[in-house]
Every structure is written in C-alpha cells, then in structure tokens.
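Chemist: Join these two chains into a complex; the hints should help.
Going down the list, the sequences are from chains A and B. For the first sequence, our numbering assigns the number 1 to the initial residue and increments by one for each residue that follows. For the second sequence, our numbering assigns the number 1001 to the initial residue and increments by one for each residue that follows.
Check before you lean on any hint, since a few could be wrong.
As the list claims (entries may be wrong) - From the structure, some residues in chain A lie toward chain B, with a derived Cβ separation under 7 Å:
no. : residue
1   : 72
2   : 190
3   : 227
4   : 296
5   : 308
6   : 311
7   : 316
Said to hold, decoys possible - Taking lysine to aspartate or glutamate and the DMTMM-like style, the derived pairs with C-alpha atoms no more than 20 Å apart in a straight line are:
no. : chain 1 : residue 1 : chain 2 : residue 2
8   : A       : 360       : B       : 1078
9   : B       : 1376      : B       : 1425
10  : A       : 324       : B       : 1078
11  : A       : 324       : B       : 1134
Don't read these hints as lab results, they were simulated from the structure. Given the structure is predicted, the values throughout are model-derived calculations rather than measurements. Note that CB positions come from ideal geometry on N, CA and C, so glycine has one too.
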Amino acid sequence: MTSFRHMSMHAARAKQADGGPSIASMNEEMASAARNENPSLGAFTHFIEDRGSAGAQPPLAGFSGAIKANIAGKGWPTHCGSLFLKDYISPYDSTAVSRLRAAGSHFLGITTMDEFGMGSSCEHTVLGQVVNPWDKSLSAGGSSGGSAAAVAAGLAWYALGSDTGGSVRLPAHFCGVVGLKPTWGRISRNGLVAFASSLDTIGILGRDTLDVFEVFSVLAGHDLYDATSLPDPLDQSPLEIPKNLQGQTIGFPRQLDSMKLDDDVSQEFEKCIQQLKDLGARVQPVAMGGILDAGAPYHVLNCAEAASNLHRFDGSLYGRRITKESYLETLEQSRTKGFGPEVKRRLLLGAHVLSGGYQKQYYLRACAARQSLVQDFHKLFAKIDLLALPTAPSTAFSLGSRLEDPLAMHSVDTLTVPASLAGLPALSFPTGLDRRGLPHSLQFIGPACSERLLLQSAGLYEKHIGFRDVKEAPWHRLP
Amino acid sequence: MAPSSLIFSVGLEIHARLKTTQKIFCSCANHYGDAPNTNTCPVCLGLPGSLPVLNSEIILPALRTAVALNCEIPRLSEFSRKNYFYPDLPRNYQITQYQRPLALGGHLDLGDLRVRLQRIHLEEDAGRSLRGSDKMTHVDLNRAGTPLMEIVTEPDLQDGQQARGWLTRLRQLLRYLDVCDGNMETGSLRCDANVGLSGPHKLAGPWIELKNLNSFKAVAVAVDFEIKRLDEMLANGVTLRRETRAWDPRKKETTLLRVKEEASDYRYYPEPDLPLLITEPEDIQAVISAMPELPHDREKRFSRSYGINPAEAVTFCRSLALGSYFESCVQSLAHQSGNDPTDCGPLVAKWVLGQVLEAVGGKDDLLPTLNLQPKKLAEILKLLVSGKIHRTRGRLLIQQVLNANEDVCIADLCLSSKSNDDEDERLLEELCLRVLVGESTKVEAYKNGKVGLLNYFVGQVMMLSKGLLEAEKVRSALLKKLN
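Looking at chain B on its own, in the form it has when it is part of the complex (with noise of 0.2 Å):
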C-alpha cells in the first residue's frame, strides 16, 4: 500500500461531567453509583408543570475551565432547546447552548502542537438506556440532568496518538482545575472523535462521527483504524459520505450507525423557561485572580526549583497527588538536611519513581493515604545523604514503613538495624569466603595479574547476598582478602 499523500484531521467532542453536588436545573443530587431512579424530582423527571432552575454551582467551574482554555467570554450566553424523542430523556428536549455559548475559541497545547478549540458550552445530561436480560430497555434517569461541560476542538489533531496525547492533557488539567474528576470508567468524561481529511487534499467536508469510544485508547485505535479505512477507500476511488459510525473494541473496527444525510432536525429555539446568563468582567477576573496553579506552569516551576530535568517535570505533574508528594517531600528534606531543594530534587525523584510508586502499583490517588508520607521518607533520605545508611539499608527501611501497621519512629528502626550491620558483617565475611573458596582457579588467575576479575568476585557476592550488601563495602573486603 503506497503511503497517502492525504491528510486526515481529527477532531474531538468532549463532554465533561461537572463536579457539582446537585444537578444543574434541580436540587438532587449529581452523584453516580446510586440505585437507579433515586435521584430525581419533578424537575429532571420532565413532569408536567415542572421548571428548570440553573444551579448557580455550575457557574465557576465553567467558567474557570473557559479561561483555563484561554477562551473569549461573551457577555451573555443563551440555553436552547435540542428537541429529539428518545427514552432516556424526560422531556424528550434537552436542554443545552445553541446559538450563544459560554465560551468561543480557545486552544491547549500538546507540545508544540496548538489544537485549537470551537466552543465550549453548557447542558443537562440525559439518563441512561440499560438493555436487560428481558430484552427490554430500562431507563435509569440518575444522570438525567446532570450538569455537563462540552467542549468541541478544531480539527486540528492529525492521528490517533496525538488525540489521546492531547485528551489526556485535557483530563489534566480539568482535574488540576478539580472542575471534572475525569473517569471515563464512571462516566464524568466521554468522547467523540471527527475524522475527516483536510491539507491541501481537502475535500468538501465529508466527517466520520466516532462513537463509543470507552477509555482514552480506544480513541486512539479507533482513529488509527478509521483513518486506514478512509485512506484505502479514497484509494479505491469510492466516494465518502458523513457517516456515523461506532467503534466495536472486541471486532477493532467501525460500524455504520447512520448516514449523516438523515441527520434529525432539532428544532433549536432559545429556552423560554431560563434568563440569559449574564459573565461579567468582574466574574472573570475573580476567576483569574483565584486561578490554581496550571500543568505546565507547574512543570517549569518544579523543574527550575527542584533540579530536576523537564522530562522528569512532567512525569511528576502528571498529577496533583503526585506533585504533591514530590514536592512536600523535597520541601521536608531541604529542611531537614539543611541542604538546597534544587540539590534534593534529584534524590527525592528516584525515591519516589521507584519504590514509593511501585508500593501504590503506579496509581497516583492512593498516595495521600500511603503508610510512607513524604516527611517519613524524607527523614530516611536525610540519613542516607548523611552517610549514616547506605542505599540498601534506605530500601529496607522504606520497606519497614510500609509493611507497619501503625507509625514508626526512624530513629527506633535504625537502633534496632544496629544488630543488623553486625549481621551484615557476618554476611559479608561468609559469602566473601565462599566465593573465594569456591573460585580458587579464578583466584589464582587474579594473583597472577588479572584484576579485571575483581569485579567478578564483587558480582557473584552481590548475587548471592540478594541485595543485602553494598557494593563499596563488599569490593573493599574482597580487596583485603585477596591481598
């Protein structure tokens, strides 16, 4: 298959469940995992004579998200009718922003990419349609009403990769603004995917509308997969059309949902039962003045005051757990060891990429309730920077903090490792003896000349104390043997 000389664009549509602790027209409450058809009320329920009321909770994380994206915020912005039948909607209309949204424009980065984005806009979500074992569809109207957030980019990302690079920048930063937790496990975050040429190939607009995307990499098949699938046909000289088209995970391929020509006509007309939402200037700069800290200012500040490379940066505010521990943890050992953050950075970094994360099995939200908390292992790097332990003692250590039930006291770990280094003694003299009990023809050969096999001897001890022992400390009394 010659390489395409077309270019494919990707677009996505993201929607973003809010946060909030009611639903954004009712009082009930916006919480998943509850027993169906629990949280409702004549006003999510569609019942007649019903009215909707914006909760005015929504408005902040809005608008934060909006001038996070470095969006233009129109004074006022309009809700609108979208009207459609369907059995997980109440009112058989949604209530959603047509013609004036909350915010237009905007862009977030991916490296160097700029994706840029159309819009973003406010809606109530629908319930959910559950196929049962009677082969029949039950409705359960919990999320109907649910306060969601869309946003809709340019086509400006190019494949796959880039779509689920960039989607979880976005998750990023939604949960740095602590607007969106961001799982699409539970629902709070869902996304479709655009695919459609442009570049100097365009041609006249035919999209393909990917649904039924579940996690962050089957955006990035399922684009992969549609772009192939694209790219072979318009090599074939077939004709495309706007499809919509689901992704199945077990086949890996797109399916046909419907033609884009049969599209429904939604009638949009401005909802009379809700007032125009009025942003002022003042609402926005409250919103600026009480900004979090973003990602990427983040990762410049963590890189210039902890020493650490940018790559590393990145690694660490990943997540606001994780930057947290890092940083509470380089914070507490600078203190204690009286020593510059930009000299602890580096040190703390290994720690905690390796058996700090390996203990939560590299899941970030279980740091603020592990048993080792960044002072604890800051205290045990203090000792280790002292030179009072060495790095398998450290290992050890950390080790022992975790298993314990209870808090423990470094200090008291350490007198009671005392035994330990004369054990440690013992150990090294044993196997030291072994090995060169065992080696004598390799002993010999060194006394002859052949120093290179110090390092030999040095490896199999280090084999066989299973990490117990220090390299420095085993090479040393090898030497003296040996001499």
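Bound conformation, chain A alone (with noise of 0.2 Å):
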C-alpha cells in the first residue's frame, strides 16, 4: 500500500483530485497509524478526534491537525505540560482553533511539551515524553518537540506549536521539518497560555513551506480578543515560488565564529550560502551588531514575564489544589508540588529580577538591551531583505546530555532569541543532513510582517534541494 503520510497537504489534495483515495479515509490511516506508534514516539499526550466543523469545506478541507498542549480548545485537556493543569479542561476555544475549524480542520490530539514552555529539548515534561523520529535516543526539540515529532513521523498533517524563544523552530530543526515563528501579533495569542507575553507567539509547523503558509493564512490576521494583534490586512492570494532569488539580497553573519557552531553546522551553512548564491540571490556578510548576544536579555525578560504569568495558578478556581488549614499553605503547597524544577527555577529567577532593588539592575537593563536590538535589527533590514543564519548552533543531541547543564542547554537558543527579542517573523526549514544522518536546517529572519517572502524564498530553496525525498527521513521509513 503507498503510504501518503509523507506527503504534503497540498499533494495530498492534488493526489485525491486526480483519483486517490479521500482525505477523510487518509485521515483515518493516520489516527490509526498514531495509535499504533504513539507509545514508542510520545508526540501526542492525548487523542481528541475533534472533527472540527461539519463538512470538509476549504482550505483546510478536513485535514487533522496535532495541537501542543498550550493552545485552548473547548472540552481540550490544555494541560500545558504541567502536573498542576493535568486535569484541566478548556471551556473555550482559542481564536487559532475556532479559525481552523472554521476552515474545515478537524484535530487528531494534543501533543508533548516542556512544562509552560520553558524548555529547549522536551525533557522538562512531566506529562509524556517525547522522542526524535530520526534517532529515539534524539531529542525532538522543544518545546514543542510532540508538534515536530507528529509532523515529522507522519502523524499529522501539520501541528502547531508556540514560539517564545525558539520553541518552534528548534523542534522543527531537530525532526527536519518547516517551522514558522510569525511577527509578534499577527496571530492572536488568545488562547495561548501565557508564558511570556511580549515573546510568545503561535508558530506551525508542516511538511512543507506551502502547507505552512495555508496555516498561517488562516490563523494570521487581527482579533478583537487580542490588543496586541495585528491590524495590518493581509495577502491572501496563494504562495508563488519564484524562479529564482534574483533581486533579492540575503545576509548572513560576518564574523563566523561568533555564532559558536559545531563544525558540522558550520560547514552546512557554508554551503547553504553557496546555494542561495546558486540560485541567483545576492549574497552578503553584514555585521551583527548586538544581535547574537541575546541570550542573557532574553533569559532575564522571559523569567520576569513568566513569572507574572504564572502567578494565576494558585488552585482557587482551577487546576490541581491541594488543601491546607490557610490560604498562604494551600498556596504554597499547590504550587510547590504542582510545577516542575525548571518551571519554579524560572520563577524564583523572575521574582528576583522583577523586585525592588534589583529590577533597575537586570529587568531594565534587559529592556533597554532589547530595544537595542530592535535598532541592530533595524538597521540590518535597511540594507537586506533577509537574515540567512543556521537555526541552531548543533544538530538534534542525546537525551539527557545537557540536562544537568543549563547554559548548555540554553546555549541552544542563541540563534532563535534574536527574532523573538525583537518580535520578527522567523523560519527553519531543513537543507540536508549532518554525518550522523541528521537534519541541518538553515533559518531565515526578515521585517515585520515578511513571512510571504520568507516562506517563498524558502520555498524555492526546498524545491531546489529535495529535503523530502531524503531516503533516511522517518517518513520514509514508516512501519
């Protein structure tokens, strides 16, 4: 039987047009297939089969999404990773759901993340465990790594997750798949559980970079229900790749070495800007200003916000509550016992970096280093259309290899902090494999409200390199 769970969307829908079999029985395969494969992967921590609106109307015509478990939808377990929502239900739709379903989506479950969030490899889970279809000793990313995991195993059609500070591009890196981190407020953020407001976005992910952008068709756009949405109307006339990337000018880092990237890393890149040069872009090394060094900015403003944001989960009203003589002990005691390790480390450093005393030293410092950036960043687009840079400074590590350290772990994210600091939309899309048969992806940041461009400039790159007819891929090596 031919499987067509390596295929896109769009050549699904083409496939079906010509004679093939029905999305609907392809999505069936697929629950089925999830099933099976789900207790040795972990993607999804929960079936939901929500068959969205009746009918299998356009664009998304009945094609079953994975949801991370941070993105509300009524009667959901949005349990965001964590013990203390482990039971909670979602009343009410998130505006991205309520807009898949209102474009014929349906949703096959609610997948794998790190606690809130917080997390760049999916090991700071608590509720299931995630695993890189590639190598199931791999991490798959976080921390959306159950997202990446389903697309990449063919276990969805496409998945969304949510990006803070990389948490949808890294997983998209580690499982070789199209992740999207949009502008700040171009798709609501209602419904997202907070983890911090002035980075976090919803990201997708796909098989492609065409599937990607129907997604993100459908979710971008303002919302009422979102103040900081967006109002910019947006081009809904369909993706074209271009013939090639003449007129365009894409930098890349001058200084190399600043990035700290493995050899193999470094070596892929290199050969990515050979590749954009191929295909017709001017190419050219630019000066990064403070943009890579965002990670101390990024580390002090993520933990402040987080730690405000978490301040609602107290078991009044919802979530796991466990009950003492007095209010402050219930307190305590809810929230000792009901986060993880990372989540309370963050906290605990958000309080300190927010408080009296200290928060001129960090909090306002980092403010201050992040306007910075959005000026470095600034002046960059002035001369450029698009940043080219690697999404990480390594390809997919071990489980457990930096668990005990981490800057290690965090060290991770220098390349995808930058855009989430300055709010700009930033793509990962895989471009060939690492010696030991692991995805390399390249990543392309640009101006607000640039993900046409960023998504068709990739998708010339993606046409010309075949990533998906990669023979060691998982989807072409399903049970």
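Modeler: Listed below in structure tokens is the structure:
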C-alpha cells in the first residue's frame, strides 16, 4: 500500500483530485497509525479526535492537525505539560483553533511539550515523553517537541506550536520539518497560555513551506480578543514560488565564529550560502551588532514575564489544589508540588529580576538591550531583504546530555532568541543531513510581516534540494 | 491635655467605580447585586490563555473626570501589572496604572481650601471575599474586572470634617459628570485616608493609612480619632512608624492591620497585553465641549438668575435632581405668572425646601417620581402669588396632590374647595366667639386699653384652628368683634 503519510496537504489534495483516496480515509489511516506508533514516540499526550465543524470545506478541507497542549480548545485537556493543569479542561476555543475549525480542519490530538513552554529539548516534561523520530535516543527539540515529532513521523498533516525563544523553530530543526514563528501580533495569542507575553507567538509546523503558508493564512490577521494583534491586512493570494532569487539581497553574519557553531553545522551553513548564491540571490556578510548577544536579556525577560503570567496558578478556581489550613499554605503547597523544577527555577529568577532593588539592574537593563537589538535589526533590514543563519549551533543532541547543564542547554537558543526579542518573523527549514544522518536547517529572519517573503524564498530552496525525498527521513521509514 | 502645636495633614485615596455597562477588560456586565459568579468570563476569571482588551466605554468618563478636576493629561498612559496573591484576585496580579497614569495633578476646592490631586488612574477591581458562616472564605468574582478610577489627593486636608466635606464635594462632582453613582453602600465609592504630619513640625514621613471607612461619617470620625491618638502618642514621646490601620465602627477606634515596613514588593512592570493608551488633544477638546454644567457654576447661576442667596444655591445644587426640580418650578412659575424668575425664585425656594422635601423625606432621588411635579407646584404657587388663595390653602392643595393616585387638576381642586371657604368662615366665627367668651376677663382688659392682648386672642384662635385659618383673617375678625 502506498503510504501518503509523507505527503504535504497540497500534494494529498492533488492526489485526491487525481482519483486517489479521500482525505477522510487518509485521516483515518493516519489516526490509527498515530495510536499504534505514539507509545514508542510520545508525540501525543491525548487523542481528541475533534471533527471540527461538519463537512470538509476549504482551505484545510478536513485535514487533521496536532495541537500543542498550551493552545486552548473547547473541551480539550489544555494541560501545558504541567501537573498543575493535568485535569484542566478548557471551556473555550483559542482564536487559532476557532479559525482552524472555520477553515475545515479536524484535530487529532494534543502534543507533548516542555512544561509551560520552558525548555529547549522537551525533557522538562511531566506529562508524556517525546523522542526524535529520526533517532529515538535523541531529543525532538523543545518546547514544541511533540508537535514537530508528529509532523515528522507522519502522524498529523500539520501542527501548531508556540515559539517564545525558538520553541517551534528548534524542534522543527531537530525533526527535519518546516517551522514558522510569525511576527509578534500577527497570529492572535487569545487562548495561548501565556509564558512570556511580549515574546509568545503561535507557530506552525508542516511538511513543507506551502502547507505552512496555508495554515498561516488561516490563522493570521487582527483579532478583537487580542489587543496586541496587528491590524495590518493580510495578503490572501496563493504563495508563488519564484523561479530564482534574483533581486533579493540576503545577509549572513560576517563573523561566523561568533555563532559558536559545531563544525558540521558550520560547513552546512557555508554550503547554504553558496546554494543561495546559486539560486541567484545577492548574498553578503553583515555586521550583527548586538544581535548574537541576545541570550542574557532574553533569559531575564522571559523569566520576569513568566513569573507574573504563572501567578494565576494557585489552585483556587481551577487546576490541582493541595488544600491546607490557610490560604497561604494551600497556595505554597499547590505551587511547590504542581510545578516542575525548571518552572520553579524560572519563577524564582523572574521574581528576583523584577523585585525592588534588582529591577533596575536586571529587568530594565534587559529592556534597554532589547530596544538596542530592535534598532540593530532595523539597520540591517535597511540594507538587506532577509537574514540567513543556522537555526541552532548544533543538530539534535542526545536525551539527557544537557539536562545537568542549564547554560549548555540555553546555548542551543542563541540563534533563535534574537528574532523573538525583536518580534520579527523567522522560518526554519531543513537543508541537508549531518554526519549522523540528522537534519540540518537554515533559518530566515525578515522584517515585520514578511512571512510571505520568507516562505517564498525557502520554498524555492526546498524545491531545489528536494529534502522531502531524503531516504533517511522518518517519513520514508514508516512501519 | 495642652493643645498640640503639631499640624496634621490628611490625604485621601478614592476608588470610584465607573458607570459603564461592561467591565474594563471584557464584555461582562458591570452590575451590582447579581447572583454570585454570574457575570464572569475567561478574561475576568483569568483562565489560562485569556487576554484583557480595553473597553473603550471607559475612556470618555475617565477623561471627563480628569478635565473637570483640572488635571494634566499626558498624551500617553500605560497599564501595569501589580503582582500579589489574594483569593479575590483571579490572575494574582491586578492590571492598574503605575508609572504613567491617565492624569496628573489637578485640584478640587472646598470653599477657600484648595485640595490638590496627585493623580488619577484607571484599574480593574478585584472580586469580593466574604467570610461564610462555615468559617470558609467565599469568593464572588462578579466585581473582578469592574472599572475603577483611583483618585489620590495631596495631604492638603487638615481634619475629619474637612475630609468629609471634600468627599461630599467630590461625590457631587462625579454625579454631575454622570461618571459614577457615588454610593458607598453598593461599593461604587470607596475611600482610604492617610494621616500624617506636616507644617513646620513635619517629621520625616510616617503616614498612617486608614482602611475600612464605610461611610463619609466614618471618614470624619476615624480621621479625627487618629489625629487625636497620634497627637497623644507624640506628646508622650512615642516614636511613630508607618502603619496600616483599620477603623472599627463598633468600638470606634483604629486597630493595627500591618506595619508598613513589611509592605509587599508588587514588582510593577508594564502590562504587555495592552497597548499604550493615547489621548490626543482633539479627544480632550471634545470632552471640554461636551462638559455638563459643574456644581460651582450652577450655584453661581442659580444665585444670579433666581434671586436666591449663595447658601440656598448651594443647597439646591447639592444634587442634580433637586436643582432640576427647583429650576423647572421657577421657570414654570415665571412663565405662568409673567413675573421675573428672580422674583419667583425665593418663593419657590421656600416651598421646595419645606413641603416638597418633607414629602420625599429629604431623599433627592425620589423627586423625579414624586406625585407633585414642578409644573403642578408652579400652578399652585401662581394662585398664591395672584392672591387667589392663601398660604394655608396652598399647603392643603399640595397635600391633596401628593395624596392623589392620579393626576389632578388644580382648578378642579379649587372649585371643590369653594365650599371649604364657607366652612372656613364658619370655623372662624365659631373659634373667635369661643375664645372671646372664654376669656371674658382679658376681653375686659382689652376694652380698658390693653390692646396688646389682641395678639394673645389671635394666638388662641390659631392654636384651636390647627393652622387651618389665615392669621390676618383671624385678626380682622377678632377686631370686628371686639369693637
């Protein structure tokens, strides 16, 4: 039987139009495959089989997606990967889910994630344990590891994740799929459980750029329920992959060693630069200013905002409550027992950097650094159309290899946090394989609202190198 | 106790609930008195993933207040998070305005005393915690997310009476502006007081914050109590410290709630979910153009146009309802009688302050639904002015209108009371004879020159008539009989 599970949605649609199996039947097979394979993969924590709205209307026409556990769906277990919310059922749909419903999408299941989005390897999980479909001893990346694994393993057509400092792009990179972080405010955050509000975005994972664009077109646009959603109108026209990249100026970091890349990542990146030139782009090295020093301000800011956003979890109205004599004791016990160690570490750090006497030294300085970074990007994009750099300094690492070393763990974020801090759109897409046969990816960062440009350019690259045909890929090794 | 040479200063912190239909960050009803937890939604409950969105309904009332209070309104203001844990605070942070409030400075005068304002800002209210009979804390989140304006004064007041007087003035203004109904009973207006030292003996800092002031009277009594308590402590050489104290209305004393040194660190920072609030000059101009008449101006106008003295003007302007009633009646009487409003004013004033206010038990808000409306009262007063009826008849007519279940025609009432005139004549005859016959000794004395006794006889008849007879008529009837 020919498997279609490696196909993109647009290819499957074409196949159906050509007399192939119906999308509904493809969904059925995908759903049963998901149930069979999930125990050894851990991509899903729950299967929800939500048929969305009746019928299979365009544009998503009955395709089923996987939704990260921090994106609210009515009646779904929006547990955020936390014991605290293990039994919480969301009474409302996030805007993202309601737009997907209106676009005909079905929903297969809720995916595994690092608790409240805090993690880069999906090892800070208490509900579920996900592994990389390419090699099950490796991390799937975090915090949207489950979503990326589901798409890579052919268990869902697309997935939603959240990207606060790289949590969609990094797992996309580790799992060899396409991952988009949109411009902050482009996709409504209503219903996305807040981690670091000024950094959080809902991101999209898909098998190729065209699929990601389709889901993006459904999700993006102003929302009355999110006061920070951008009012800019959306260009709804189909994505056109150009014949070449002529007329485009693409920049890359002038000082390659400032990125502290692993050797083979460095080599792959140089190949990518050449490939972009071959495709006709004007490729030039650029000064990055403070862009690659975004790690420290990112860490201060994400902890500060997380500390405040997670204040609401006290067990009084919802969530796991450990009842004691007094309100204060109940509060302490519920939070101490309900949150995992990584979350607690960040909450304490966050409270510290916002506290009187330290706010100036940490929080305000981080804010100033952020403003400076925004200016650096602004200057760059006056000269170039896109910035190209690797998604991470390394490819997928082994589970457990960085758990004891938070700094080593955070170093994997250095190339994803800059776009997060600046609120800019960024796309990660696979370009080749490393020595171990694991995916390499390239990252494009563009000015605000340039998602179309990122996806078009990546689409051409993707078409050119044919990464989907790579035989080592898990979608070609389906059981 | 020797009088203190210390000068105490009092500042107030007022929370006024804006009269909007919806809460500040969601579309739940802003309504008092509904069954607990029925006006809630994911936003005001702080459910995971929910986001606040500013309800534009709050902007005009807030700006109107800031303009009326002479504040400076910066172009940009910002919302902030105030982080702390409490059962009635769903997100365990309150969305308020910290560093960049809606308005700065401003003032509201109390007579000659200028009371300056520090700031006015917008924030959401928390829910209510109630101690149940089961010893558990019950939380009602209907109030969580309702819109508040926090108004903070400088410590320009000096004692409890002034504080009370100023609060009354503020509440009056808020009601005139139609931004807040100002009812402490339903929690639309809350007030904390800060008592400290100022003047040449100012000691660096310690302030006492007074809470649980549930009425304007409580504010006055608690502030005065605290001033006296502090004065005595200082006289005894006790060092003060910053404290938060609660007023106990039963024991009539303040008790320590917490020492300020242990105050929480709220870790304020700008609210990332809400954009900056922008107030353009055009917005302020629009508010100025549409500003209703303010109490001070209305008082001056009443005094000038309706011939009443400033004190009476202040009384009539104490509420919109009373002022409107008075004004409608004066204008109607002027129209009906052809007299000048400045001549009609004093007469109307007397009657409104008398029988009309009596009829509503002093509750101004009952005036609009009173049986006796201004135009009708004016009809009665017109008869008085034209001499067609006397004062006592006027009182009777008013009572009849008040007692009637439906609209009555004054002319009809007068006709039907024509027979009353004859009865009055008979009553007059009867009572005069009764008094003169019963006081034969005094009558003799009168006839012998003690003419002052006439007043006595008049008084006796008036007393017996229980106010139904006109004094002048009694006097002339008695004179006729005596001579």
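Chemist: Each hint: holds or not?
Modeler: Against the structure, the hints:
no. : hint               : verdict
1   : 72                 : holds, 4 Å
2   : 190                : holds, 5 Å
3   : 227                : holds, 5 Å
4   : 296                : violated, 18 Å
5   : 308                : holds, 6 Å
6   : 311                : holds, 4 Å
7   : 316                : holds, 6 Å
8   : A:360 with B:1078  : holds, 19 Å
9   : B:1376 with B:1425 : violated, 28 Å
10  : A:324 with B:1078  : violated, 38 Å
11  : A:324 with B:1134  : holds, 16 Å
The structure fails hints 4, 9 and 10 (numbered hints given earlier, in ascending order).
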